[in-house]
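Using the sequences and the hints given, assemble the complete structure.
Numbering-wise (my numbering), the sequence shown opens with residue 1025 and increments by one.
Hints should not be assumed to be uniformly reliable.
Said to hold, decoys possible - Below, simulated DSSO-like cross-link-like pairs (lysine-lysine); rule was C-alpha separation at most 30 angstroms, straight line:
1) Lys1117 - Lys1107
2) Lys1117 - Lys1100
3) Lys1100 - Lys1113
To be verified - Listed next, with one range per pair, are the computed distances between beta-carbon atoms:
4) Leu1060 - Lys1107: 26 to 34 angstroms
5) Leu1108 - Glu1079: 32 to 40 angstroms
6) Asp1058 - Asn1106: 36 to 44 angstroms
7) Arg1082 - Gln1103: 31 to 39 angstroms
Rather than coming from a laboratory, the hints here were simulated on the basis of the structure. Quantities reported herein were computed from a predicted structural model and do not represent experimental measurements. Ideal Cβ placement from N, Cα and C applies to all residues, glycine included.
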Amino acid sequence: MMIVLFDDDREWYIQGGVFEDIVDSAPAGMLQDDDLLMHLRPARAMGLLDLRRREPDRAERIVAALTEGVIERMRKIDQSDNKLVEFYKGLLKIAARRDAND
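Below, the structure is given as structure tokens:
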């Protein structure tokens, strides 16, 4: 299980393999080496990526990469699998949602 905490109200609870697929599907160059070494790889080991405690620029970059990874995964899945399509759409919605103050 992997938990990604975007903020106090937005979070993903997904299988570790799904998280790996999303990260691996992020376009080249969106994630910097230190994003992977300092944040994503340790998060994989712990099962938790808490973006609330990251520098805002880094957190935004990671969210953007995860979002693009989800979009790429959606291109590859069977579009007739409604449950899977809705699952990925739900991930996008959660990752994109912003507070009224943003």
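Is it true that the C-beta distance of Leu1060 to Lys1107 lies inside 26 to 34 angstroms, as the hint says? 30 angstroms, holds
Check the hint pairing Lys1117 with Lys1100 against an upper bound of 30 angstroms on the C-alpha distance. 19 angstroms, holds
Do the Cβ positions of Leu1108 and Glu1079 conform to the proposed distance bound of 32 to 40 angstroms? 33 angstroms, holds
For Lys1100 and Lys1113, compute the direct alpha-carbon distance and say whether it is at most 30 angstroms. 14 angstroms, holds
Does the hinted range 31 to 39 angstroms hold for Arg1082 and Gln1103 at CB? 33 angstroms, holds
Given hint Lys1107 paired with Lys1117 - CA-CA distance at most 30 angstroms: OK: Lys1117 and Lys1107 at ~15 angstroms, within 30 angstroms.
Taking 36 to 44 angstroms as the hint, is the beta-carbon distance of Asp1058 and Asn1106 inside that range? Given a distance of about 39 angstroms, which is inside 36 to 44 angstroms, the answer is holds.
When held up to the earlier numbered hints, the structure conflicts with none and fits them all.
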